[in-house]
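Enquirer: Starting from the structure of chain A, add chain B where the hints point.
Protein chains in written order, with the numbering used here: chain A, 1 to 381; chain B, 1 to 805.
The set of hints was computed from the structure by calculation and includes no laboratory data.
One or more of the hints may lead you astray.
Straight-line alpha carbon distances no greater than 30 Å define the calculated DSS-like cross-link-like pairs of lysine-lysine that follow [claimed, not checked]:
1. A:Lys116 - A:Lys277
2. B:Lys753 - A:Lys306
3. B:Lys21 - A:Lys77
4. B:Lys782 - A:Lys157
5. A:Lys305 - B:Lys746
6. B:Lys48 - A:Lys203
7. B:Lys497 - A:Lys206
8. A:Lys150 - B:Lys753
9. B:Lys782 - A:Lys150
10. B:Lys497 - A:Lys232
11. B:Lys746 - A:Lys332
12. A:Lys255 - B:Lys802
13. B:Lys497 - A:Lys157
14. A:Lys306 - A:Lys59
15. A:Lys59 - A:Lys116
Computed, partial: chain A to chain B, Cβ under 7 Å [stated by the list, open to error]:
16. Pro165
17. Met210
18. Thr348
19. Arg349
20. Asn352
21. Ala353
22. Leu356
23. Ala371
Here the structure is a predicted model, which is why all the values come from computation and not from measurement.
Using N, Cα and C, we set each Cβ at its ideal position, and we do this for glycine too.
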Amino acid sequence: MKKNYKVFFSVLILQMLMIEAVVAQELTLRMLIWEGYAPLEARQAFQLMVKNEYGVNLKFEIYHASNPDEFFNKLRKEEVDLISPAHNVPKDYRYNLIQNGLTIPLNIENIPNYKKLMPTLINQPWFTDQGKVYAVPVVHGVYGLAYNSKMVKNPPKSWSIFWNPDYMGQYTINQNYYELNLYITALALGSSQNDIFEYDKIKGEKLEYMLSQLAVNARELWSGFDQPEHYKNMSLASTWRFTFPEENEHFVDWKVAEPEEGTLWFIDTMMLGRSLKNQDLLRTLAEQWINFLLEPENQVYHLAKKIGVCPVTDEAWELYSTQVLSDGEREKLERLFKHLIPWRILETRSRNAFHLLWQEALAERSASDQAQGTGTGNDSE
Amino acid sequence: MRVAGTVKKPIWQYDVDFLEKYAAILIDDSSLSSVTIFDERKKAVVRKGKSETRILDNGTHWDLQEEVYFDGDIIGKVVIRFNNSEIRKLTGHMMFSDVFVILAVLVSVWSVIWILIMRYVLSPLKVIKNSFHDISKGDYSKRVTLVQDNELGPIVQEFNAMVDQVELRENALRESEVQYRNLVESPSDIIFTANVENRLEFINSNYERWTGNSKKGFIGHYFSALFADSGNASSLIPDSAGGIDYDMLYEQELLKNDGTVIPVELNFSPQHDSSNRIVGVIGIARDISSRKKAEEELRKYEQMVASITDSMLLIAPDYSILAVNDAYLESVNKIRGDILGSQMQNIFEAKDFQDQFQPHFEACLEGVSLNTQALMSIDGAPAQYIAISFYPIIEVDGLISGVVVHMRDITEWKKLEAMLQQSQKMEAIGTLAGGIAHDFNNIIGGIIGYAEMVELFDCPSNPQLGDRIEHVLKGAYRAKDLVEQILTFSRNSEKKKEGLNLHLLVQDIMRFLRASIPATVKISITENCPDATVWADETSIQQILMNLCTNAAHSMQENGGNLTVSLEVEDLNAETAKNLQLKVLGNYVRLSVKDTGTGINVSDMERIFDPFFTTKSIGEGTGMGLAVVHGIVRSLHGAISVESTPGEGSTFNILLPQFYLPVVEEEHSNAGNSELAHGKGCILFIDDEAELVQFSSEILTHLGYEVLGKTDSVDAKTTFLTSPDRFDLIITDQTMPNITGLDLAKQFLEVRKDVPIIVCTGFGFPNFEQDAIELGIRCVVKKPFGIRQLAEIVAREIETTKKHY
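Isolated chain A (complex conformation) (with noise of 0.2 Å):
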């Protein structure tokens, strides 16, 4: 009898040990995201929800990108299983993340809000391959042209405003993004918005003079996403934004401009990593939490009202528009997206003749704060 009670613990001991291990099941799903396209508030509450459902322990591993190259390097090494590529990134020719395998296909079932999104967004060849979906967009937004109200009497109305010598020293651009300088130069001399993104088509010792006038009088090159610690003194800045969140100081008085050029426009996406090719339960995961960012309030309130950037589905922007947005601010943006120019994959020649074009600049803007032996130029990481 003696014997049968120690067995009849050690079962049941074991039993317990058996379905704490199950219940106590531990996840971590690994991303390369931009800056505040993982939301606290709905990390918590997917967390919750995958827990009650699934009961799985998902910890979220979150590194910053600073430059699509990260993309590319962290997919290779299998390092992260979830990336946010802008959407002229996946077909690449430096990257080819989709017929390279580093990628692998959505399972749109698990993404029901995938169909929600915006006409201009949904199944466009940029995110699909051979009738796959690659890629989710998440957020859109502009490299955009912004102002200090109380320092730029009237709202710029062109990307000229950059050379006005009464702007010299008072304003920052982004550092990594090379080809946006090289487009909003070349539309600033009047380029088309076709010809911009190809070399040969604006090439000339005008685009390297402005390039480099650009590069040599920015007080502040900024990397990453653009912080509210550039904007300080500043007049004119260049943004991923198309408004600025209110309850930041330093974003007190900042407007995005409407230059008649146009407006540089891109979509951030979702991307899964080769890792999660046999870990079906965390690609499942992984798959819903994009589903999650898609649900209107965490599009409304913790990415486009949070970040600046724009919400990707329609239910999203309705509510974004009439809940969020005054009159004046919608009224804006609508008009802002007519004059929007999609980022384009571009052809090794330009891209390479582009990268040269910025070094020689940015080399130029070195030389110049030796001779001048002044400060001007501070690269900010």
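Expert: Just chain B now, kept in the frame of chain A:
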């Protein structure tokens, strides 16, 4: 060449990484010194070279060039530079080994010679030297003895005989010295002697008594150590006693042991030997403490007078100048010797002397101190405002022996006073002009409105009337532009800058200036520069050219000449930019105005940009022209420089940063003959000018609208609040009694958020438009406006409202 084939694709694709690596591989070849790869625009994309090869290479190299083709077009070039560094290295090694062998042989030969010299020459010489040393120390008992009798023996014998003679003379000298010492110890002065090297040999006991120092510490040292300013004392006798001026008295300070000094007067006498050669000096120092104290007092008073920056003169009753301070000498650029003794009449113009100086001077001779101010010329210099004070010099016996005249240049102060007055005057004119302009705008608005109505309704049936009414409208629009200019002036606001192409503007301005420049001046414009675009406002460029050309014409008014205006674009280098205090390098547009007139005097050159500086006669110029030009150029981030040769002419160069962007030509409306825009809707029109309300209502009614006109803002407010949904558009004046247009609009928008409002203003203040738009105003219209403008705006706003709401 295979290289060209290899780099073809990378060059086309600007694959700099590949090109860098490929060039790095090539440059590993020791026969190459550099590899450079150019793109299609001849820009070096990659450049690799060897620094060590560059040092060895004395220019013996050769280049291999190959153009790179892609699809039949040249897309780049590869330049490979070879050198002869290997041959040079081999030659270097051979030369090194030869030099080593030669050095080894030389060292061996030198060692053998050295041993022989030591044995037969240097050792005996050492014995002689040791004996000499003892004798020179005073041991005359010593004699030289050599172990070996060689060629040095006779020399040693002669030397020993000489030592015998010296011993005898030394004894006689000691006795003489005792007598000499007694002689120099008795006087009250300090007496010392020094050798030709200035080293102290003797000093009497007065030195120890005066200073408390022990003289032993100074014997053998430079005598200058006795004095506080030892550096100067040493320099009295720099090389030898022969350098001293024995007729001169030197002033020095003797250093005491408590750190204080005794001023002394020092004189020197030469000290001779038996051959009458100078062997040193005898110095005598005399205490001059009392005299120095008196001199110091006097010097303080002199310094006080000398430190005054105003001119001071001491004048005798007969007008002769007795003394002047340094400030006066500097102001007239003369030396004291030229001034003292001359007459005051000579330094002033005759009239100035009689009117401004003589009466006050004579009154001062009666014992009265006086002050006056006058515009006078001193010693032929340009006239300047001078404040003059006269103070009598009253002697002990009460007689006045002369007058101290104190003169201060107050020209700058007078200029500032004039600038202040000018500034206040301009401000008053601005305020007045602004007030008049507001009323004038309303009057013109009426004229334009009714004239356009006549043109619209009556002219089609009467073409003659059309011609006449066109003249009325032209005049009215000119008046409108004039009012706009007055308002711009009165606001003193920042002018609107834009990308301005000087190419056309300069020609326009020069055509306009031609009429005001004498026919004897030939004007030419030399420029072929379509890219001469700058960031500026048109008025500023006009002001710059008008001022410079007017000055140029003035300098050629007597003999005529050539006035040349030229434009060019130049790439400014770092040195030039630094000299011109320009912060930004790059391309600049150079606008030059050159004349062949009288030129600018060198003495005037530094002041030409000063406000109110002018060389013109009174009434011909204000002296503000170049100052204004300088100010404008600086505000445009540019620089101005001038080159001039008196008698030959001047050139003013203005550098402005080139603005690279395309200049957007303003769109000129050609809607003049098109149909007026019609529409439907109810409009509330508010303006305190009844004329304006009447004609605007009439024309809008004609265009199909229902118009309710109001001249009272309070009445208009009541009308709107009674039935806010009745109106499709509100048009209101800004400046009205009781409630302004913006306040009225604010109250309307609170009641009905979507009502479109247009505000009209003839006197917009800075940021008015932006403030209005932020408030929710649809559009701001500048008064006066024409019928066509009104019709278009009304139709547009009503249409926009229908679409969006």
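Enquirer: Next step is simple, just say for each hint if it's right about the structure.
Expert: Okay, the hints, checked on the actual structure:
| no. | hint | result |
| --- | --- | --- |
| 1 | A:Lys116 - A:Lys277 | 26 Å, holds |
| 2 | B:Lys753 - A:Lys306 | 28 Å, holds |
| 3 | B:Lys21 - A:Lys77 | 25 Å, holds |
| 4 | B:Lys782 - A:Lys157 | 21 Å, holds |
| 5 | A:Lys305 - B:Lys746 | 28 Å, holds |
| 6 | B:Lys48 - A:Lys203 | 25 Å, holds |
| 7 | B:Lys497 - A:Lys206 | 22 Å, holds |
| 8 | A:Lys150 - B:Lys753 | 26 Å, holds |
| 9 | B:Lys782 - A:Lys150 | 24 Å, holds |
| 10 | B:Lys497 - A:Lys232 | 26 Å, holds |
| 11 | B:Lys746 - A:Lys332 | 21 Å, holds |
| 12 | A:Lys255 - B:Lys802 | 27 Å, holds |
| 13 | B:Lys497 - A:Lys157 | 14 Å, holds |
| 14 | A:Lys306 - A:Lys59 | 23 Å, holds |
| 15 | A:Lys59 - A:Lys116 | 28 Å, holds |
| 16 | Pro165 | 5 Å, holds |
| 17 | Met210 | 5 Å, holds |
| 18 | Thr348 | 4 Å, holds |
| 19 | Arg349 | 5 Å, holds |
| 20 | Asn352 | 3 Å, holds |
| 21 | Ala353 | 4 Å, holds |
| 22 | Leu356 | 5 Å, holds |
| 23 | Ala371 | 5 Å, holds |
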